[in-house]
Structures are given as C-alpha cells and as structure tokens.
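All chains, full assembly: derive it from the sequences and hints.
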Amino acid sequence: MLKNKLNVSRRDFLVGTAALSASTLINFQTSAYAKEERPSLASKKAKVVIIGGGYGGVSAAISLRKHNKDVDILLIEKNEFFISCPMSNLYIGDIMEYSKLCYPYNNLTVKHNIKVLHEEVDNVDLDKKVIYTNKSKIEYDFLVLSPGIDYDIKESQKEMLLYYPPAFKPGGEHLYLKKLLSEFEGGDIVMTAPSYPYRCPPAPYERAALVLNYLKRRNLKAKLYFLDENERPIINSEGFMNAYYELYKGYAEYITGATIKDIDYMKKVIKTSNGEFKFDIANIIPPMKASSLIEKIGLLEKGQKWVEVDTFTFETKVPNVFVIGDSARSFLPKSGFGANMQGKAVANIINERLTGKKYKQEELLMVVCYSMVSDKEAVMSETSFRLNLETKTVTPIHREDNTRKEVNVKRYHEWAKGLWREMFG
Amino acid sequence: MDRRTLLKTCSVVAIEMMVNPSLFNKLLAQEKELYKAYQKTMLVKENGQPFSTSDIRPNTALLFFYPYASTPCYLINTGSEIKPAKIKLNIGKEYEFKGGIGKNKSIVAYSAICPHQWAYPNKDFSLINYYPPTEKSQATGKSGIIQCCAHMSVFDINNGGQVLEGPAEYPLAAIELIEENDIIYATGVIGPNQFGEFFDMYKSDLIAQYGNIRKAKEVLDKTIVMEVGKYVKEQIKC
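Those protein sequences? They're chains A and B, same order as listed.
Numbering-wise (UniProt numbering), the first sequence opens with residue 1 and increments by one.
Numbering-wise (UniProt numbering), the second sequence opens with residue 1 and increments by one.
Calculated directly from the structure, the hints in this document are not laboratory data.
Some clues are possibly wrong.
Said to hold, decoys possible - With a cut-off of at most 35 angstroms between alpha-carbon atoms, the simulated DSBU-like pairs for lysine-lysine come out as follows:
1) B:K142 <-> A:K44
2) A:K317 <-> B:K93
3) A:K360 <-> B:K98
4) B:K103 <-> A:K417
5) A:K360 <-> B:K142
6) B:K217 <-> A:K111
7) A:K357 <-> B:K36
8) B:K83 <-> A:K360
9) B:K233 <-> A:K100
10) B:K103 <-> A:K66
11) A:K111 <-> B:K83
12) A:K317 <-> A:K405
To be verified - Some residues of chain B that are not near chain A, with every Cβ distance over 12 angstroms (derived):
13) S52
14) R57
15) P58
16) T60
17) S80
18) K105
19) T140
20) S153
21) E197
22) E227
Unchecked claim - On the chain A side, residues computed to face chain B include the following (Cβ under 8 angstroms):
23) R232
24) R353
25) K357
26) E414
Here a beta-carbon is modelled for each residue, glycine too, at the ideal position from N, C-alpha and C.
Now the structure itself:
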C-alpha cells in the first residue's frame with residue numbers, strides 16, 4: 001500500500017464535479033478518431049500521461065510520439081506557456097530579452113498530436129492509476145512525472161522569497177530579481193549558493209559572473225559577496241574562478257565553504273560560518289528538493305530529498321510510474337539538457353513496453369552545459385554516461401573547456417535553440 | 001472509383017480534418033525513409049564547369065547544396081578508401097552505405113544538417129564541421145569525423161555517418177554520389193534524412209534568406225561546390 005491515500009470525501013467531490021469536464025476534455029477518443037476503421041484497437045489504446053511541461057516532460061512526450069503514432073499522450077502542465085530556466089541568467093544579466101525564453105505549447109498538439117492540459121495536479125492515486133487535477137480526473141496506463149524542484153526551506157522563510165527570489169524556478173522570480181538588479185544603484189549584494197545537489201550545477205556561478213559583469217558594465221560602486229556552501233564551483237571551477245579574479249577584481253568577494261546560519265531579510269543581514277554580511281539586495285538560492293507533488297503522492301522515502309528511481313529505466317517502486325528530470329536521484333547533473341535526454345530514454349522504455357520490442361542495447365545519458373562568464377565569453381562542460389542495458393554497466397566521460405571564449409557563446413545559443421527547436425519548433 | 005465516390009471520399013476526409021486537424025498529421029506521418037532518390041544533380045565548379053573527382057584534394061571538405069537549394073552537404077575526400085558498410089539504426093532497421101567514389105574510393109558526401117537538433121552551416125557560422133585525419137578535435141580527440149559543437153555529437157564519416165559519440169539518435173544522412181565520365185552527380189540520400197524537420201523548424205529563417213519556402217525547396221540541375229569558408233563566415237571547431 002502506498003502512503004498518502006486520498007481523502008475520500010475530497011475525491012468524491014472531485015470525481016463528481018470533474019465528471020463532465022473529464023469526459024469531454026480528457027476523452028482521447030474524439031469523434032474524428034471514432035470514425036477510423038479500427039474501433040476495437042482504438043478502444044484499447046494505451047494512455048501515457050506526463051506531468052510537467054518542462055525539458056523532461058515535453059521531450060518525453062515528443063520522443064514517444066516519434067516512436068509511436070498510436071499511443072494516446074497527455075501532457076499536464078499548469079502554466080500556459082513554457083519559460084526556460086537555462087539561459088535565464090542572461091536575462092538577469094541584461095544581455096537577453098525575456099521573450100526569447102518563452103514558448104507556447106501549441107505545436108505539441110498541432111504537430112505531434114499530443115493533448116496538453118493546463119491544470120494543476122492535486123494528487124495521484126497510484127493504486128487506481130488516476131490523476132486528480134484542480135478540474136479533472138484522469139486515468140493512465142503509464143505515468144511520467146517530471147515536475148521539477150521545490151525549495152527546501154521552512155514555512156517561516158517562505159515570505160523571504162518574495163523579497164529576494166531565488167529565481168531557480170521560471171516566471172515571476174526571474175522578473176522580480178531582474179527588477180531588483182536594474183533598480184540597484186550601488187552598495188552590497190549578497191548571493192548564496194546551496195551545497196550540491198541542486199538544479200543546474202553551473203547556474204549560481206554563471207549568475208554570479210553575470211551579475212558582476214552587469215555591475216562592471218554599469219560602472220557601479222558595488223560589491224558582490226558570493227557565499228558558496230561548496231568548497232569551489234561545482235563545475236568549470238577553473239573557468240569561473242579565473243573570471244571572478246581576472247575580470248571582476250574589486251567587485252567580487254568569493255567566500256567558499258560558507259554555511260548559512262541565519263538570514264534576517266528585513267534587517268538585511270546574513271549570518272554564515274564565515275562571518276556576517278550586510279546587504280542592500282540579495283539573491284538567496286536555497287537548498288532544493290524534489291517537487292512537493294512527489295512527496296504528496298507517496299513516492300518520496302522519508303527523509304529523502306530526491307526520488308529513488310531505477311538507474312536504467314527511471315521507474316519508481318511503482319511499476320510503469322517513472323520520474324525524470326530534477327526530481328529524480330540520478331548520477332546525471334540536474335539540468336534541462338539532462339532532463340531532455342532522460343525524457344527520450346523514458347519514451348524509448350515506454351515504447352518498448354507498448355510494442356513488446358526491444359531495440360536498444362545501449363542508452364546514452366548526457367549533459368552539455370554552457371555558462372557565460374561575461375557578456376561576451378563562455379565556458380562549457382560535458383558529462384556523459386553510456387549505459388549498457390545488457391551488462392548493466394555505466395561508462396562515464398567528463399570534459400571541460402575552461403578557456404573563456406566568444407565562440408562558446410555561439411555554441412551556447414545554438415545549444416539552447418536546438419533544444420527549443422526540438423521541443424517547440 | 002467513379003466521380004461520385006471520389007467526391008464523397010474527399011469530402012469525408014475534408015470534414016474529418018476540420019473536426020480533427022491532427023488527423024491530417026496522422027495521414028502525413030510516415031516512417032523515416034532510409035533511401036530516397038532525388039533529382040540527378042551535376043556537381044559543378046564555381047565557373048560552371050563540371051566538378052570532377054580530381055577537383056577535391058585529400059583531407060578536404062567542400063560545401064554544396066543538395067537535394068534542395070537550401071540543404072547543405074559536405075563533399076569530403078579522406079584520401080583513403082571508404083568501404084561500404086551496413087548501418088543499423090536503433091529502431092531495428094538496417095541500410096547499406098555505399099562507400100566512397102573516385103580513383104581511391106575516398107570521396108563521400110554527407111548532409112550537413114545535424115540529426116540531433118538540426119544545427120547546420122549557415123552564412124554566419126557553422127558548428128557542424130569536418131575534422132580531417134590531420135586535425136584532431138580538441139574536445140573529443142577524434143579525427144576523420146564530422147562533429148557538431150552545439151551538443152557534441154560525433155559522426156564517423158568512414159562508416160556511413162554512424163554516431164560515435166554524443167546525443168544524436170540517428171546517423172548523418174549520406175548523399176549518394178555517382179561518377180560518370182569523370183563528372184560527379186548526386187542522385188539520392190541514404191539513411192534517415194532530416195529535410196522535413198529542416199523545412200519545418202527553419203521556416204522563418206528560410207523565408208528571410210530565400211524570399212519564400214518554394215525557392216528554398218527548389219530542386220537543382222546543377223549545384224556549385226565551393227570552399228566552406230566562401231559560404232560560411234566562421235567555422236567553429238572544438
């Protein structure tokens with residue numbers, strides 16, 4: 001039995017009110033389909049539901065459709081349009097327009113025959129294979145969860161996020177942090193980075209570099225205190241350190257191994273194991289954990305922050321329920337690119353189960369990450385794991401290009417455009 | 001089929017498409033073709049003279065467009081024989097790569113559209129480039145390859161464009177070349193091509209460059225083979 005069973009009265013209420021909309025909205029067998037000369041097959045169509053329309057969920061949906069023209073695919077995503085977290089530091093650093101990060105979900109339906117439902121998932125009954133959203137009740141045969149992260153902070157600290165948004169979730173947080181920065185006329189900025197794992201290993205370091213670059217470009221009398229709980233940048237260490245000390249001398253104070261003890265966001269003071277820092281504005285990046293939805297539906301072990309999944313299949317302890325992307329515990333760095341690769345891998349696994357055919361002996365999971373260290377130069381890294389599905393062995397490769405270069409910026413842009421092209425083009 | 005039945009069928013299809021536009025995609029959706037014959041196109045030099053196998057030096061890549069006016073390909077002379085190969089796709093299908101042409105059987109051509117997320121050589125820059133045996137990739141240490149520096153896919157040009165490394169799920173499509181009276185012609189595309197995706201994904205870019213999609217999709221009798229640097233301002237290698 002799974003934990004967190006649904007409250008019965010609430011469920012009955014949902015089923016009752018949702019019955020009409022569910023049968024009209026969620027009925028995959030539309031009248032046009034019913035006219036096809038395969039009624040018996042049509043009624044047996046498997047339903048794959050994907051929760052979360054980020055890099056993982058969208059990639060899983062599209063990749064599954066490429067493998068399988070017949071399966072019914074439904075993507076549930078609460079937001080009306082996609083906003084990319086990758087590259088959002090360029091917006092915060094004032095070198096990219098926000099609109100470049102935004103994409104509508106239309107083409108999933110128009111080009112790939114994937115239904116997209118903009119509703120919020122309340123709960124999932126894993127025994128009965130039923131999803132309850134704020135409006136509907138939806139049944140599934142296969143479930144892929146790609147709901148991303150939540151901040152791992154105390155309830156009492158949540159208000160702080162309104163004052164100083166972490167901007168590790170897309171949308172309002174990015175916009176508000178940018179506003180704080182654009183209204184900043186000088187003084188002290190504090191930025192914190194949590195100990196790993198968190199979403200996107202190079203992101204705090206790229207952000208620090210781009211904030212510093214912004215201060216320098218604006219010629220502001222300012223200092224950034226970058227308080228890192230880690231001992232050094234998690235990735236591209238050399239590239240970031242060189243940038244901080246060579247490009248931003250006088251602007252940057254990089255303090256490593258600094259455990260955050262207390263933040264008084266009203267008094268604008270942060271206490272760490274390495275001293276006390278006052279600030280005018282701050283970007284507090286808190287520790288993170290799997291999306292709270294995962295915990296709610298009973299897939300998170302007590303005391304764990306990330307979901308245990310099978311290394312080779314991303315399947316949870318519940319058969320045909322998969323978790324991909326940042327919520328999953330994986331040796332792959334948590335990142336949009338990694339989620340894109342995991343989405344493809346899980347689509348392949350579901351298709352193999354649907355068709356009963358096995359094609360792949362090998363699966364490649366890979367992350368390519370670029371980071372701007374100034375408005376004109378970037379560094380990059382590449383981490384890949386070749387999984388032999390027969391022998392169950394894993395071969396890792398890690399490479400870094402720590403020399404900051406202008407060409408890496410062009411690579412970075414094409415890196416992002418390629419992903420967006422595949423997902424929304 | 002008499003006229004009445006035909007009309008009836010057409011109207012049913014039309015109505016269904018109005019009801020469910022995705023049905024249209026379903027009708028169009030086909031398995032990826034593993035070989036497609038296109039227009040027989042003569043490769044020519046910039047002066048319009050026919051391009052012969054002796055016009056490309058070993059360890060060189062040149063650029064031409066085939067089968068459409070906007071779809072770039074690399075013509076490569078590796079200097080040594082490229083043997084035919086059987087290519088196995090991870091969707092359970094197989095096809096034959098025909099190997100090189102020319103005196104040393106060392107000349108091959110590949111579509112320069114990356115099958116991963118469709119990076120291609122454009123006028124400003126190219127991230128997908130040829131690394132001859134004399135030049136190692138800094139990142140992967142490999143040579144005799146085509147490598148895409150956006151997401152680090154590496155393709156084996158000596159082996160039908162198979163993926164050696166990186167996230168690409170399909171090989172590079174090979175261009176079928178034939179040699180007649182010392183003149184090279186392109187006649188088809190071997191392996192899963194990316195043209196459908198290319199025209200779909202880059203629609204607005206192609207309209208901006210060619211005026212309209214019809215011009216970008218023009219099929220050519222003759223195609224000019226040029227130095228990559230003549231078309232592409234910056235070849236970005238890694």
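Problem - Hint numbers not upheld by this structure, sorted from lowest to highest - result: 1, 4, 10, 11, 12, 19, 20, 21, 23 and 24
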